[in-house]
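Please build the complete structure, drawing on both the sequences and the hints.
To convert, count from 1 in the sequence shown and add 4; that's this note's numbering.
Take these hints with a grain of salt, some might be off.
Below, simulated DSS-like cross-link-like pairs (lysine-lysine); rule was C-alpha separation at most 25 Å, straight line [said to hold, decoys possible]:
#, residue 1, residue 2
1, Lys6, Lys118
2, Lys77, Lys99
3, Lys136, Lys99
4, Lys17, Lys118
5, Lys99, Lys237
6, Lys237, Lys94
7, Lys201, Lys218
Here are the simulated distance ranges between beta carbons [said to hold, decoys possible]:
#, residue 1, residue 2, range
8, Asn66, Met5, 35 to 43 Å
9, His186, Glu57, 19 to 27 Å
10, Gly80, Pro139, 39 to 47 Å
11, Asn137, Asn173, 15 to 23 Å
12, Gly207, Asn97, 43 to 51 Å
13, Arg60, Lys94, 37 to 45 Å
Calculated from the structure, these hints are not laboratory results. Note that the Cβ used here is the ideal one computed from N, Cα and C, for glycine as well.
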Amino acid sequence: MKLDVYATIADVKKEDLPSADAVVIDVLRMTSTVTNALENGAEKIKLIGKEDEARRFSKQENALLGGERGGVKLSGFAFGNSPLEYTREKAENQKIVMTTTNGARAAEAAMDAKSVRLCSFINVSNVASHLKNSPHVIILCAGTHDAFSLDDCLCAGALAESLNAEQENDLAIAMRLLYAAHENDLQAALKSTKHYKYLESIGFTDDLNFCLRKDTHACVPIMDQDGWFENEKNKRLHDSCIS
Numbered sequence: 005m006k007l008d009v010y011a012t013i014a015d016v017k018k019e020d021l022p023s024a025d026a027v028v029i030d031v032l033r034m035t036s037t038v039t040n041a042l043e044n045g046a047e048k049i050k051l052i053g054k055e056d057e058a059r060r061f062s063k064q065e066n067a068l069l070g071g072e073r074g075g076v077k078l079s080g081f082a083f084g085n086s087p088l089e090y091t092r093e094k095a096e097n098q099k100i101v102m103t104t105t106n107g108a109r110a111a112e113a114a115m116d117a118k119s120v121r122l123c124s125f126i127n128v129s130n131v132a133s134h135l136k137n138s139p140h141v142i143i144l145c146a147g148t149h150d151a152f153s154l155d156d157c158l159c160a161g162a163l164a165e166s167l168n169a170e171q172e173n174d175l176a177i178a179m180r181l182l183y184a185a186h187e188n189d190l191q192a193a194l195k196s197t198k199h200y201k202y203l204e205s206i207g208f209t210d211d212l213n214f215c216l217r218k219d220t221h222a223c224v225p226i227m228d229q230d231g232w233f234e235n236e237k238n239k240r241l242h243d244s245c246i247s
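As structure tokens, this is what we get:
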């Protein structure tokens, strides 16, 4: 396996995407939120970078709206970007269109890949197991406002450790080593970072605790041919039924 990690959207080599399996990471909080929503029975989730496009598409699809700007739930939306909002009672059997400050744009940037999955600490080992036979994996960290974000890169390091690729780019090696140094106390490693402190300041301490727990969820979100994310387990079951 060849493994390439990129710290921001701008860094990715787009010409490599069509032959690679892509993994998008936005630990705080989009990929954690989508994973939790699908684990709790959401039918499928569409990620759209622009708010106005998300609003139009949700009406077209008769879907609920979720998302934020600056961490805060948008006016008229059913959900924000807190994973704790997406309970089974609210999310089960729902189609949801989400737009977020960083993660939704990262998912759009990865769309040309052979496959696109979403990873966070809460599902990292299962994501790795679904990629074990891939010849080339690209990990795309969403970052924060197009800049390096330590939370995403630590998660990339956790995934890199599990993948144990034969060939890695320098950032994959660096993030794997960094994760190994901090895996026993992610909170301590991140509590002084800008994005962590911002979310804490606007009242999302419970989200931070939720997002930094490792391997609490089985769900692996994967993009289908129409650009919706669904639980890979359900997608495989559906594909086997129609084949």
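Do the hints match the structure? See the list:
1. Under the criterion of a C-alpha separation no larger than 25 Å, the hint pairing lysine 6 with lysine 118 is consistent with the structure, at around 15 Å.
2. Under the criterion of a C-alpha separation no larger than 25 Å, the hint pairing lysine 77 with lysine 99 is consistent with the structure, at around 18 Å.
3. Between lysine 136 and lysine 99 the alpha-carbon distance is near 30 Å, which puts this suggested pair outside the 25 Å criterion.
4. Proposed proximity of lysine 17 and lysine 118 is supported: the alpha carbons are some 14 Å apart, at most 25 Å.
5. For the hint linking lysine 99 to lysine 237, the alpha-carbon distance of about 17 Å falls within 25 Å, and the restraint holds.
6. At roughly 21 Å between alpha-carbon atoms, lysine 237 and lysine 94 fall within 25 Å of each other, so this suggested pair holds.
7. Taken as a hint, the lysine 201 and lysine 218 pair is honoured in the structure, with Cα atoms around 20 Å apart against an allowance of 25 Å.
8. Roughly 41 Å separates the CB atoms of asparagine 66 and methionine 5, a value that falls within the hinted 35 to 43 Å.
9. Restraint check, histidine 186 to glutamate 57: a C-beta distance of roughly 37 Å breaks the suggested window 19 to 27 Å.
10. Between glycine 80 and proline 139 the CB atoms are about 44 Å apart, so this pair conforms to the stated range of 39 to 47 Å.
11. Taken as a hint, the range 15 to 23 Å holds for the pair asparagine 137 and asparagine 173, whose Cβ atoms sit roughly 20 Å apart.
12. Separation of glycine 207 from asparagine 97 is about 29 Å and departs from the stated range, judged on CB atoms against 43 to 51 Å.
13. For the pair arginine 60 and lysine 94, the beta carbons lie near 23 Å from each other, so the given range of 37 to 45 Å is not met.
When each numbered hint is compared with the structure, violations occur for hints 3, 9, 12 and 13.
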